[in-house]
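Trainee: Line by line, the protein sequences are chains V and G.
Using my numbering, count along the first sequence one by one with no gaps and you end on 178.
Using my numbering, count along the second sequence one by one with no gaps and you end on 1100.
Bear in mind the hints are in silico, worked out from the structure with no lab data behind them.
Please read these numbers as outputs of a predicted model, since none were measured by experiment.
Don't take each hint at face value.
What the hints assert, rightly or not - Restraint ranges, calculated between C-beta atoms of paired labels, are given here:
{"id": "1", "chain 1": "V", "residue 1": "L138", "chain 2": "G", "residue 2": "T1092", "range": "31 to 41 Å"}
{"id": "2", "chain 1": "V", "residue 1": "K161", "chain 2": "G", "residue 2": "N1097", "range": "40 to 50 Å"}
{"id": "3", "chain 1": "V", "residue 1": "F4", "chain 2": "G", "residue 2": "W1053", "range": "38 to 48 Å"}
{"id": "4", "chain 1": "V", "residue 1": "A150", "chain 2": "G", "residue 2": "Q1085", "range": "33 to 43 Å"}
{"id": "5", "chain 1": "V", "residue 1": "R127", "chain 2": "G", "residue 2": "N1097", "range": "30 to 40 Å"}
{"id": "6", "chain 1": "G", "residue 1": "D1093", "chain 2": "V", "residue 2": "K161", "range": "16 to 26 Å"}
{"id": "7", "chain 1": "G", "residue 1": "M1001", "chain 2": "V", "residue 2": "S125", "range": "33 to 43 Å"}
{"id": "8", "chain 1": "G", "residue 1": "N1097", "chain 2": "V", "residue 2": "T136", "range": "39 to 49 Å"}
As the list claims (entries may be wrong) - Looking from chain G toward chain V, a few residues come up when the C-beta cut is under 8 Å (computed):
{"id": "9", "residue": "M1031"}
{"id": "10", "residue": "I1035"}
{"id": "11", "residue": "E1036"}
{"id": "12", "residue": "I1037"}
{"id": "13", "residue": "M1038"}
{"id": "14", "residue": "V1047"}
{"id": "15", "residue": "R1052"}
{"id": "16", "residue": "G1054"}
{"id": "17", "residue": "F1062"}
{"id": "18", "residue": "L1066"}
{"id": "19", "residue": "T1067"}
{"id": "20", "residue": "M1081"}
{"id": "21", "residue": "F1087"}
All C-beta atoms in this analysis are idealised placements derived from N, C-alpha and C, irrespective of residue type, glycine included.
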Amino acid sequence: MTVFFYIAAIIAIFSTLMVISRTNVIHALLYMVVSLLSTAVMFFIIGAPFVAALEIMIYAGAIIVLFVFVVMMLNLGKPAIEQEKQWLAGSGWILPSLLSFILLIEVIYIISAAPAHPVAGVAISPRIVGHSMFTTYLIGVELSAILLLAGIIGAFHLARKKKQVVHRFLQKSQGAEK
Amino acid sequence: MISLNTGLIIAGILFSVGFIGVMIRRNMIFMLLSIEIMMNAAGLAFVFAGSRWGAPDGQIMFIFILTMAAAEVAVGLALAMQLYQKFKTLDTDAASNMRG
């Protein structure tokens, strides 16, 4: 099981690197799906089968599909890919990558200096998760319901095309100009 | 043997890759995708920490992060569509001026 875990981790890191370096949006989204699936495998191995299923259903199945739909609606085409290539061709990405890489090395050093905590690997069933969610974390569930409502209203309000309200006299004069 | 340290290191690597993605990309869709990567990495750390003690709390935190990611991506993609309708590009620098 440990070998499978490390294979999944390497696939996750590699495909995430591919996500941020692609020029075509659809290719990046497909690599993102691969990354999420390998993360789900990791969750399954360390004993979180419910979260693994949620990761596949909601992240890969809903959020990434939402991205795909928006990309299809925008209908970007070849010029967008050319522009992405032009943006990535410069050397502007080197310095931020280097700085965050140094910070990552520090974090890895600090974590690996701590004593090792073996993960139990005992599967926690959805029954226990659900019970704890609706007793201890009930207020969190209510708050996330409010957050989702706010998200729905915000998305509806922002994505709506603005209706142009023109008085009928102006409409007539505009029509005459045309 | 899988240890909590390994899991936290993997989460840290994924988080920093997402962070680099937010910094180096100018396309709004790619920035939203990198933010998704970062939130997924944070959720990974939560689940690992919960699994270390055999407690369900980490998984519940992951579910909350999932909810927040869904709400965020809905609003973010709506903003991306507005940006595209107004400026005919997904470049975030196009919207850097006020009174755009």
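Trainee: A separate judgement is required for each hint: does it hold in the structure or not?
Mentor: We went through each hint and held it up to the structure:
no., hint, result
1, V:L138 - G:T1092: 31 to 41 Å, "holds, 39 Å"
2, V:K161 - G:N1097: 40 to 50 Å, "violated, 23 Å"
3, V:F4 - G:W1053: 38 to 48 Å, "violated, 23 Å"
4, V:A150 - G:Q1085: 33 to 43 Å, "violated, 23 Å"
5, V:R127 - G:N1097: 30 to 40 Å, "violated, 54 Å"
6, G:D1093 - V:K161: 16 to 26 Å, "holds, 24 Å"
7, G:M1001 - V:S125: 33 to 43 Å, "violated, 23 Å"
8, G:N1097 - V:T136: 39 to 49 Å, "holds, 48 Å"
9, M1031, "violated, 10 Å"
10, I1035, "violated, 11 Å"
11, E1036, "holds, 7 Å"
12, I1037, "holds, 6 Å"
13, M1038, "violated, 10 Å"
14, V1047, "holds, 5 Å"
15, R1052, "holds, 5 Å"
16, G1054, "holds, 5 Å"
17, F1062, "holds, 5 Å"
18, L1066, "holds, 5 Å"
19, T1067, "holds, 4 Å"
20, M1081, "holds, 5 Å"
21, F1087, "violated, 12 Å"
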